[in-house]
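Visitor: Going down the list, the sequences are from chains P and L.
If you're matching positions, the first sequence starts at 1 in our numbering and goes up one per residue.
If you're matching positions, the second sequence starts at 283 in our numbering and goes up one per residue.
Calculated from the structure, these hints are not laboratory results.
Beta carbons are placed, not taken as given, at the ideal position from N, Cα and C, and that holds for glycine.
Accuracy of the hints is not assured; some may be wrong.
As the list claims (entries may be wrong) - Partial list, computed: chain P residues near chain L (C-beta under 7 Å):
1. E73
2. A74
3. G76
4. G136
5. D138
6. G164
7. A170
8. P171
What the hints assert, rightly or not - Estimated spans, in silico, between C-beta atoms of each pair:
9. P:S255 / L:G313: 50 to 60 Å
10. L:V294 / P:R91: 19 to 29 Å
11. P:D121 / L:D539: 22 to 32 Å
Listed here are the chains, written in short residue letters.
There are 2 protein chains.
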Amino acid sequence: MTFSTRLSGAIVRTGTPLCVGIDPWADRLPGRRALREADRSALAALSLRFGLAVVAACADLVPAVKPQFAFFEALGPAGMTALAEVCQAARAAGLLVVGDAKRGDIGSTASAYAAATLLPDAPFPCDALTVSPFLGPDTLDPFIQVARAQQKGLFVLLRTSNPGSARWQAPVLDDLTAWIESQNADGDPYGVVGAVVGATHREASELRGRLPRTWLLVPGFGAQGGSAAESRALVHDTGLGALINSSRGATFPASPDDAYDDDPAAWIRARVLETRAELAHG
Amino acid sequence: MTFSTRLSGAIVRTGTPLCVGIDPWADRLPGRRALREADRSALAALSLRFGLAVVAACADLVPAVKPQFAFFEALGPAGMTALAEVCQAARAAGLLVVGDAKRGDIGSTASAYAAATLLPDAPFPCDALTVSPFLGPDTLDPFIQVARAQQKGLFVLLRTSNPGSARWQAPVLDDLTAWIESQNADGDPYGVVGAVVGATHREASELRGRLPRTWLLVPGFGAQGGSAAESRALVHDTGLGALINSSRGATFPASPDDAYDDDPAAWIRARVLETRAELAHG
């Protein structure tokens, strides 16, 4: 079954396009305040516990989770071991895994990044991967070949949610948008090459119109300032076509919280239920 | 001492701007043919042996090595352990380490990638890191802050050596070139923000002229088709200002070779000496 079909099924089953980000941000990990020595190995253990808590909290509530590779990489090989276990646990729990790695490189190097995440025996098994297009369309081909062969997906950075994103994205926006959609001509209803589009941009709804066969991955809901209405506007009337991500807003309390430290899965489950409702009605 | 000062010193000491890439390409690793089971753990052990062989082979011959993160990541946590050991060994041997990761992300996520590579206790310790500018100047700031504070360097992707690089790089080339050079206004003679420029492009020498205070990292010498003369033209008359990289051409034989499998460090040392001479006179 293609990534698109699996994602559509998961959205229909859970009744929401919400994706929960897994950002093991060292300063705020549950259990962090009780650590005497915050060395990388202790933080990697907490990151694993946090990732497994997110998976346990939301496996029946949302279609997908999005682990952020950077926070695991910052903890070294122990962190990467935790990342591998979180990806495996999420897939075993029936969640789709969107690896947020923003990788991009040339030829066989791009193939190595695809092997790390998208091949059947990948060490960091993902259903889809975020990739950067900056090096050129030829550098996306190795990712697309693996995604097509393995029924996986990609999300190409198109218009990100940060304040400075226009400077080097706007000049290529038209051409990159057309290129992405052209990769999905055989999409039924969507193809393998998705796009990352921030909900906060004026042109987001216009991009939605120009990408009818393209899955959108929409960051910026919640903590980054995007509204529920702006995010919902990027979902097709069928309920499909976009995955709306919330990371810290759905997984970290606004301030340190003992209930969170004691039972992060219960706390996160309650917060994910609230976030789902905000996205549906907020 | 700043990265620029250390790099200048290393180029003067070794008498060459050659940087040797460490690409543990699984198909061609020395010892690969003798493996019965090419599982990730066996390939990670060979990758470590290969990386240490490159370090031993060229510590007194070149200023810097450039480990390619993708090939280590493809081997999972064991591969990342090998990467950490190769980075540590190279720095211990007096080589500068240019981490070729092409990372780029937003805010605290970018800071996490910088922590992984550029902080004093980084798990994958590098002297400089390749980064992608596509997300915008605000997303490069966390890398630049760490680089300035820790006397490290960055190489921003500007004009890469692959055939399709112009499509989404050319439209931003003027602005990105000016932005990079503006970061180096205090450079004496060079600043912390370098640029990746392929030697094979017609505009490479023009970019050199527009980036007088910017270190260039020049891929594409050797295996990717760039000539020695094209690469040398990007080095200033002082012998400084550019680091010319050769990866597979300097570290892998053109076809399987028993002498290479038996003593990769000796084979690589001979080949690096040839590559240095080609770059100087070819």
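Visitor: Look at each hint and say if it fits the structure.
Guide: Verification of the supplied hints:
1. Checking E73 of chain P against chain L: minimum C-beta separation of about 5 Å stays under 7 Å; hint holds.
2. For A74 of chain P, the interface hint holds, the least distance from its beta-carbon to any beta-carbon of chain L being 4 Å, beneath 7 Å.
3. Evaluation of the G76 of chain P hint against chain L yields a held restraint, the C-beta minimum of about 3 Å falling below 7 Å.
4. Hint status for G136 of chain P relative to chain L: holds, with the closest Cβ pair at about 3 Å, below 7 Å.
5. Given the 7 Å rule on beta carbons, the hint for D138 of chain P holds: about 4 Å separates it from the nearest Cβ of chain L.
6. Checking G164 of chain P against chain L: minimum C-beta separation of about 3 Å stays under 7 Å; hint holds.
7. Interface restraint check for A170 of chain P: the shortest CB-CB distance to chain L comes to about 9 Å, outside 7 Å, so the restraint is violated.
8. Taken as an interface hint, P171 of chain P checks out: its beta carbon lies about 4 Å from the nearest beta carbon of chain L, inside 7 Å.
9. A hinted range of 50 to 60 Å for the beta carbons of S255 of chain P and G313 of chain L is consistent with their spacing of about 54 Å.
10. The beta-carbon spacing between V294 of chain L and R91 of chain P, approximately 52 Å, falls outside the hinted interval of 19 to 29 Å.
11. A beta carbon spacing of about 29 Å between D121 of chain P and D539 of chain L agrees with the range 22 to 32 Å that was offered as a hint.
Against the hints set out earlier in the document, violations occur for numbers 7, 10.
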